[in-house]
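With the sequences and hints as input, model every part of the structure.
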Amino acid sequence: MVHNANQIALYFASFPREEAIDGVLNHIQKFWERRMKDQLLAYVGQGGTGLHELVLEAVKRMPVSA
Amino acid sequence: MPLIQEIDYGTPPTVAQTLVSLEIDGKPVTVPAGTSIMRAAVDAGVQVPKLCATDSVKAFGSCRLCLVEIDGRRGTPASCTTLAEPGMKVRTQTPKLAKLRRGVMELYISDHPLDCLTCAANGNCELQDMAGVVGLREVRYGYEGANHIKSTKDESNPYFTFDPGKCIVCSRCVRACEEVQGTFALTIDGRGFASVVSAGNKDFIDSECVSCGACVQACPTATLMEKSVIAKGQGEHSVITTCAYCGVGCTFKAEMQGNEVVRMVPFKDGKANHGHSCVKGRFSWGYATHKDRMLKPMIRARITDPWREVTWDEAIGYAAGEFKRIQAKYGRDSIGGITSSRCTNEETYLVQKMVRAAFGNNNVDTCARVCHSPTGYGLNATFGTSAGTQDFDSVEDADVIVVIGANPTDAHPVFASQMKRRLREGAHLIVIDPRRIDLIKTPHVQADYHLPLRPGTNVAVINAISHVVVTEGLVDEPYVAERCDTKAFDLWRNFIAEERNSPEALETLTGVPAADVRAAARLYATGGNAAIYYGLGVTEHSQGSTMVMGMANLAMATGNIGKRGVGVNPLRGQNNVQGSCDMGSFPHEFSGYRHVSTDAVREMFEEAWNVTLQGEPGLRIPNMLDAAVEGTFMGLYVQGEDIAQSDPNTHHVTSGLGAMECVVVQDLFLNETASYAHVFLPGSSFLEKDGTFTNAERRLGMVRKAIPPMAGLADWEVTMALSKALGYEMHYNHPSEIMDEIARLTPTFAGVSFKKLDEVGSLQWPCNANAPEGTPIMHIGKFVRGKGRFMITEFVPTEERTSGRFPLILTTGRILSQYNVGAQTKRTENNVWHAEDILDIHPFDAEHRGIRDGDRVELSSRAGKTSLHARITERIQPGVVYTTFHHAVSGANVVTTDFTDWATGCPEYKVTAVQVRPVKKESEWQEHYRETKRITTQIMSEASAGD
Numbered sequence: 002m003v004h005n006a007n008q009i010a011l012y013f014a015s016f017p018r019e020e021a022i023d024g025v026l027n028h029i030q031k032f033w034e035r036r037m038k039d040q041l042l043a044y045v046g047q048g049g050t051g052l053h054e055l056v057l058e059a060v061k062r063m064p065v066s067a
Numbered sequence: 014m015p016l017i018q019e020i021d022y023g024t025p026p027t028v029a030q031t032l033v034s035l036e037i038d039g040k041p042v043t044v045p046a047g048t049s050i051m052r053a054a055v056d057a058g059v060q061v062p063k064l065c066a067t068d069s070v071k072a073f074g075s076c077r078l079c080l081v082e083i084d085g086r087r088g089t090p091a092s093c094t095t096l097a098e099p100g101m102k103v104r105t106q107t108p109k110l111a112k113l114r115r116g117v118m119e120l121y122i123s124d125h126p127l128d129c130l131t132c133a134a135n136g137n138c139e140l141q142d143m144a145g146v147v148g149l150r151e152v153r154y155g156y157e158g159a160n161h162i163k164s165t166k167d168e169s170n171p172y173f174t175f176d177p178g179k180c181i182v183c184s185r186c187v188r189a190c191e192e193v194q195g196t197f198a199l200t201i202d203g204r205g206f207a208s209v210v211s212a213g214n215k216d217f218i219d220s221e222c223v224s225c226g227a228c229v230q231a232c233p234t235a236t237l238m239e240k241s242v243i244a245k246g247q248g249e250h251s252v253i254t255t256c257a258y259c260g261v262g263c264t265f266k267a268e269m270q271g272n273e274v275v276r277m278v279p280f281k282d283g284k285a286n287h288g289h290s291c292v293k294g295r296f297s298w299g300y301a302t303h304k305d306r307m308l309k310p311m312i313r314a315r316i317t318d319p320w321r322e323v324t325w326d327e328a329i330g331y332a333a334g335e336f337k338r339i340q341a342k343y344g345r346d347s348i349g350g351i352t353s354s355r356c357t358n359e360e361t362y363l364v365q366k367m368v369r370a371a372f373g374n375n376n377v378d379t380c381a382r383v384c385h386s387p388t389g390y391g392l393n394a395t396f397g398t399s400a401g402t403q404d405f406d407s408v409e410d411a412d413v414i415v416v417i418g419a420n421p422t423d424a425h426p427v428f429a430s431q432m433k434r435r436l437r438e439g440a441h442l443i444v445i446d447p448r449r450i451d452l453i454k455t456p457h458v459q460a461d462y463h464l465p466l467r468p469g470t471n472v473a474v475i476n477a478i479s480h481v482v483v484t485e486g487l488v489d490e491p492y493v494a495e496r497c498d499t500k501a502f503d504l505w506r507n508f509i510a511e512e513r514n515s516p517e518a519l520e521t522l523t524g525v526p527a528a529d530v531r532a533a534a535r536l537y538a539t540g541g542n543a544a545i546y547y548g549l550g551v552t553e554h555s556q557g558s559t560m561v562m563g564m565a566n567l568a569m570a571t572g573n574i575g576k577r578g579v580g581v582n583p584l585r586g587q588n589n590v591q592g593s594c595d596m597g598s599f600p601h602e603f604s605g606y607r608h609v610s611t612d613a614v615r616e617m618f619e620e621a622w623n624v625t626l627q628g629e630p631g632l633r634i635p636n637m638l639d640a641a642v643e644g645t646f647m648g649l650y651v652q653g654e655d656i657a658q659s660d661p662n663t664h665h666v667t668s669g670l671g672a673m674e675c676v677v678v679q680d681l682f683l684n685e686t687a688s689y690a691h692v693f694l695p696g697s698s699f700l701e702k703d704g705t706f707t708n709a710e711r712r713l714g715m716v717r718k719a720i721p722p723m724a725g726l727a728d729w730e731v732t733m734a735l736s737k738a739l740g741y742e743m744h745y746n747h748p749s750e751i752m753d754e755i756a757r758l759t760p761t762f763a764g765v766s767f768k769k770l771d772e773v774g775s776l777q778w779p780c781n782a783n784a785p786e787g788t789p790i791m792h793i794g795k796f797v798r799g800k801g802r803f804m805i806t807e808f809v810p811t812e813e814r815t816s817g818r819f820p821l822i823l824t825t826g827r828i829l830s831q832y833n834v835g836a837q838t839k840r841t842e843n844n845v846w847h848a849e850d851i852l853d854i855h856p857f858d859a860e861h862r863g864i865r866d867g868d869r870v871e872l873s874s875r876a877g878k879t880s881l882h883a884r885i886t887e888r889i890q891p892g893v894v895y896t897t898f899h900h901a902v903s904g905a906n907v908v909t910t911d912f913t914d915w916a917t918g919c920p921e922y923k924v925t926a927v928q929v930r931p932v933k934k935e936s937e938w939q940e941h942y943r944e945t946k947r948i949t950t951q952i953m954s955e956a957s958a959g960d
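Those protein sequence lines, which keep their order, are chains A and B. First residue of the first sequence? That's 2 in the working numbering, and the numbers climb one at a time after it. First residue of the second sequence? That's 14 in the working numbering, and the numbers climb one at a time after it.
Keep in mind the hints are simulated off the structure, nothing from the lab. Hints should not be assumed to be uniformly reliable.
[Unchecked claim] Think about it this way: if two alpha-carbon atoms lie no more than 30 Å apart in a straight line, the pair counts; the simulated DSS-like pairs of lysine-lysine are: (1) 337/B with 795/B; (2) 40/B with 102/B; (3) 337/B with 240/B; (4) 31/A with 500/B; (5) 500/B with 61/A; (6) 240/B with 31/A; (7) 337/B with 38/A.
Structure, rendered in structure tokens:
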């Protein structure tokens, strides 16, 4: 999960920052299943060690109920 | 319908706009300029006798049977090589012509066996027909002179025979091999009376022949004849249907005797194949009635138990009961389904509907996950739709053809023939591939540039090409300004122009000389219409989606989208990959690529299906397997796929399957996945069903039932029964009604129906009010998404790295004679050509390891070990090894890893760090595989079942 999230971040890292964060957020929202999203949220809640900073930023913007 | 005999016009059509009018036997006729008199005569309702002419090849003028007389002209010109001219008055039947023709026929028959009654072509022989047409009553020369009648028959090919004793040396076979197939395997040896057709002085099986069947089809006698026809006789009725092999989607006539197929003949009106075929579609259909077919439903509590044959009702009831039990225990999301790219659109649509409506979740995925899912993502992001841009015929207008990560002569042979024809006409060719694929140098075709990149560096190479286009002023600025999102373009232009993306900066990384990259880029950008064709060598990487976007960027930057002869064109692996994606097989979208979270779309489906649907994406196949190992995903319905063989990291796949409590497999055979199944539901072959397949050019072709379902139920009926048993009843009486529902709910399919398909033959989506006859070329004038969007494509190296322990890179693929997991082709005579998967290794790497050609070698990676026999070849570059995954026991996917495309989860089959060393015996996995297979495929005898 961390690996996959970071791969997405690495793709969007070359875009302008706001576009990059939106890109990561939209990708996870659009393609990830609920279980993985929950795992990601929980992992970030525990500190999110090893996650790309774009992922951490994106997760902050992730609606809790989404 | 009765046996279909297509009209043979004798010579190919022309496409000239100018028309000419003439008279043939007093009948006026108007034809395009450049049309032969022979073809014009057919239009006028006149059949000119002929033997060496057939409309699949150019006129030859050798048989002297089609002679005519023309008012005002001397002599008797051949009507096949003489073009129609304005005001011509042609006579095809005169005493002089009759005498000449009879004389010609006498010569032919004097050197031909008179065994018509026992000949396989009896009643379907043009020589026999012409003897009748010209009124041949005697052969003045007798039959005792020098002749070829006792020549040795070549029966080496498993599918057809070559009997020189019946050959009239008309050269139709030689010309078909050249002009239709483009292999040039046949020639005429000798001169005069000694002339004979030759496969390079070898038996057919040892020759360059690829068994496409073009020669057999072109032969006017029984010289080249299908063994199936020799064995069974000729068909009495035909069924027009669509091939169930690759994504070309060839149309065939199944010639039948009752419920038995006698032969498959490519249909001239097939718009994807225009009467051509390959060895698989033409000949490799015997699997449909192979003894391995499983025709009875079976169940078992544990995968180590023997299977128990049961009734359909018991099997369906057991599967539904287990799924309900699992959902009650683990939750609604604990089960899911996998649709098949080998099944029809209607069957696929039904499975995803059952998952969403009856299972109550979006846990549906398809095998496109492991092949072309990056195509959908990349082309949607840039162009706005998840499909290729062109029809196949578009290649006829291409001036520069770029083939990237594809091997069309093996994997898409019929389209490859069309491509080779265009290349022989003078189009330029650029191949970007780690291997020296056959297309790089084939008769009368030589690639202008082969960029032999290191596996895993696709994005670096496409960026370097785009860098040249941008920095050398080769961008089609007016096109970009008018057609594309200029803000995104400016961002991309700045990125791609950076020096780090230059060919020189990337040369060490990619292994491709910078000068070649620059030259190829210039050719692509300035050589006229430039078309990209690509395959799984693009998609099956950790940056598969990025690469697809990189190609789309390049095409947009040079104005190569939105007209004939250009485009970005995925060559789809299986027959219905495009269709299975179109039909809503992915967990995040409904049919027509509409996201499940879009309220209006979801509500439309909820109303139509009368059920509440989830608005969250479901599990992809790898997620299902992960969740199974975690203990939260416990039930799976797999229709027509074999993930235990085809998906990467076999250990992980089988661990996931083994952790599930109920796996239901619906298939023709007890495949590898069935070894982990608890319920087996017999599937139907393409010959047993009605429906549609959608090929790589978005073309829906009809699949028509030639024989009844051998197990009693069609696949769509089985899905309906399972859905009903789960409490969600569907009401269809025929697959056409399923397509009607698809059309109602999917805007891009609004104009599609079986009735319309019967009328026009095939349709390319979008097909709706805006395009009632379909859409051969997409994005004309405007992209589907409005403005084309350039996407930044930063090269990110794969994390799968070579090391001292694993110093080589394994890349996998397929070959001509086998197909995917081999379920079909390995149950045919195709094993003559490829009985096992072989590891290709460069001489340098082989010598370094003490490996000799044919040695058994261990192939190991961080994921696992297997063993194969080695073939030493320079087709592969040093540092790279290659194999196929057609045979389960090879265990190619035991070695491949879990690395995937960042966007779609498509596995990185094309890059695995490996080591190779000689060994004496099979790997532990292979021994384990054989034992597992033995245990898990046992079927309880009827006697014990009754106990």
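Against the structure, the hints come out as follows:
no., hint, result
1, 337/B with 795/B, "violated (49 Å)"
2, 40/B with 102/B, "holds (9 Å)"
3, 337/B with 240/B, "violated (51 Å)"
4, 31/A with 500/B, "holds (24 Å)"
5, 500/B with 61/A, "holds (27 Å)"
6, 240/B with 31/A, "violated (54 Å)"
7, 337/B with 38/A, "holds (26 Å)"
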